[in-house]
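Protein chains in written order, with the working numbering: chain A, 6 to 236; chain B, 217 to 518.
Read the hints as simulated data drawn from the structure, not as lab findings.
Source: prediction; values computed, not measured.
Be aware that a few hints might be false.
No farther apart than 25 Å at their CA atoms in a straight line, the calculated lysine to any residue pairs in the SDA-like style are these [as the list claims (entries may be wrong)]:
id, chain 1, residue 1, chain 2, residue 2
1, A, 56, B, 513
2, A, 80, A, 117
3, B, 303, B, 268
4, A, 80, B, 510
5, A, 81, B, 224
6, A, 192, A, 150
7, A, 38, A, 150
8, A, 81, B, 268
9, A, 86, A, 61
10, A, 80, B, 509
11, B, 517, A, 79
12, B, 423, A, 38
13, A, 104, B, 228
14, A, 38, B, 430
15, B, 273, B, 351
16, A, 140, B, 423
17, B, 517, A, 102
18, B, 222, A, 61
19, A, 81, A, 105
A few chain A residues that face chain B, going by a derived Cβ cut-off under 8 Å, partial list only [what the hints assert, rightly or not]:
id, residue
20, 85
21, 88
22, 99
23, 101
24, 103
25, 113
26, 114
27, 115
28, 116
29, 214
Cβ coordinates follow ideal geometry from the N, Cα and C atoms, glycine included.
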Amino acid sequence: MISIKNLSKIYTSRFDQSRIKALDDVSFEIGEKEFVSLVGKSGAGKTTLLKMILAEDKPDEGEVLFQGIDVNRIKKSQLPKLRQRIGVVFQDYKLFPSKTTCENVAYIMEVMGAKQEDIDRDVPQILELVGLKSKMCNFPNELSGGEKQRVAIARALIHRPDVILADEPTGNLDPYHTRGIIKLLIKIYEMGTTVVLATHDKNVINSLGRRVITIDDGKVIRDEEKGRFIL
Amino acid sequence: MMTSIKRIIRAGWRGFSRNIGLSIASVFIMVMVICLATLLFLLNPVSDVLISSVQKKVDVSVYFKEDVSEDEIMDVSAEIANISEVKEIEYVSKDEALEIFIERHKDDPVLIESLAEVGYNPFLDALNIKAWEASQYEQVANFLETGVFQGLIDNVDYYQRKPVIDKVFALTSGINKIGIFFGLVLGIIAVLVAFNTVRIAIHNSNKEISVMRLVGASNSFVRGPFVIQGIIVGFIAAIITLLITFGLCYGFDSRINALAPELSIFNIFLSNFFLLFLIQLATGIGLGIISSYIAIRKYLKI
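Could you put the whole structure together from the sequences, leaning on the hints where they help?
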């Protein structure tokens, strides 16, 4: 489903023009209906990698193929269609502050041109799944961190994407909420969606017992089925 | 397609109503800009009225010798009327000139006594000639002084009045030039102010815009609600400005009328109502749309 080939990315500091290698010749494949964890220290290159898959940033070398399509060579007008097949959960939630919980989740369906009756049926269902049906009319600033993250997951999930990219979804949460979010991601995976989880949370990785790709200093240093957090 | 348009309009209205503080600030800035456009628009007919009222007061008088009969003066008048530059000719007999003088200076006993002292009517029969434009008086004066009826004329008072006529001429063209210059400068400032207000409002939402792009929204779906907000701001500002213009024109009409009797700004407002409202709407909505469209562009690159 996702094929990363010899991907490299170098950022240049605006302060002293020094070069920072964020990704260094990274290659791996992610298959259909797989649950993959990307682990590494902060700054290892996990977020950069997810940005490349989402075509938010361009690599200096290499390519990212999503279902056989090179995401960096795709026409700009085709990019929204590609992104609609990917659900993203951001570490800092990135909810729309002036939209209610319900509107935040419904937005992607509106973007895709879904019928209003489908939106009215699906949004309450997905909010029930993430345990937020009672907060449908609340704005993001009226929700806790865990609730915001669950809204972000609901938004990433509502349009049944082929893959979910979750970038540190538990980074700002306490252990109780962390467990809830991970349970939710597993449920999504069990329903048949590919999940790519980027995290540096050791306990989360060790409890999952699934494929783990470890990144350090922009390089893949380990790729194991049923892996553990080893750094 | 219709569903998308409805959603974009609804999102635009929500964006406007949920950021009401910023929306009100944008409306007020836009009101100022439209007020400026209105002022520039109204300045034109107002200056036309003022200039023509000053020009109406300018004329050239031809005084005839004592022994010239009224019939001869009428012949001269008919001859002058053929000149294309001449707009209007008025005959003032020496008796009428005396009456006008007495009427005008009835409160000045010294002048009236001086007139009595003279013992006879010192005025001459005259033709007051008005030209279409201030610049044409010199040609009319030349024609009179070199024409066939030169022998009948005592004097043409163009040269005594020349400095005044020249001043009116200079003022007329000066007002137009200054008007165009200020119009351009204020217009540019207004457009920049409006553009920057919308830009700041959109900059406030830059993160939101990039998330919209990242979750798969097309450029038109992201841009649409902001353009709708621009239209709403422009429309409300145009209505407010129309009410302000109505209030000011109505309120100040009698006071301005007392200073310049020919000028009724309320009549100018009424006779130009639809054009004025159209200009206000076009300024508000046009600026709203163009500013949002340009300001959002740089956030859509993601």
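Now for the hints, and whether the structure bears them out:
no.	hint	verdict
1	56(A) with 513(B)	holds (21 Å)
2	80(A) with 117(A)	holds (18 Å)
3	303(B) with 268(B)	holds (13 Å)
4	80(A) with 510(B)	holds (22 Å)
5	81(A) with 224(B)	holds (21 Å)
6	192(A) with 150(A)	holds (21 Å)
7	38(A) with 150(A)	violated (28 Å)
8	81(A) with 268(B)	violated (60 Å)
9	86(A) with 61(A)	holds (14 Å)
10	80(A) with 509(B)	holds (22 Å)
11	517(B) with 79(A)	holds (14 Å)
12	423(B) with 38(A)	violated (31 Å)
13	104(A) with 228(B)	holds (12 Å)
14	38(A) with 430(B)	holds (22 Å)
15	273(B) with 351(B)	holds (14 Å)
16	140(A) with 423(B)	holds (24 Å)
17	517(B) with 102(A)	holds (21 Å)
18	222(B) with 61(A)	violated (29 Å)
19	81(A) with 105(A)	violated (30 Å)
20	85	holds (5 Å)
21	88	holds (4 Å)
22	99	holds (5 Å)
23	101	holds (5 Å)
24	103	holds (5 Å)
25	113	holds (5 Å)
26	114	violated (10 Å)
27	115	holds (5 Å)
28	116	holds (5 Å)
29	214	violated (31 Å)
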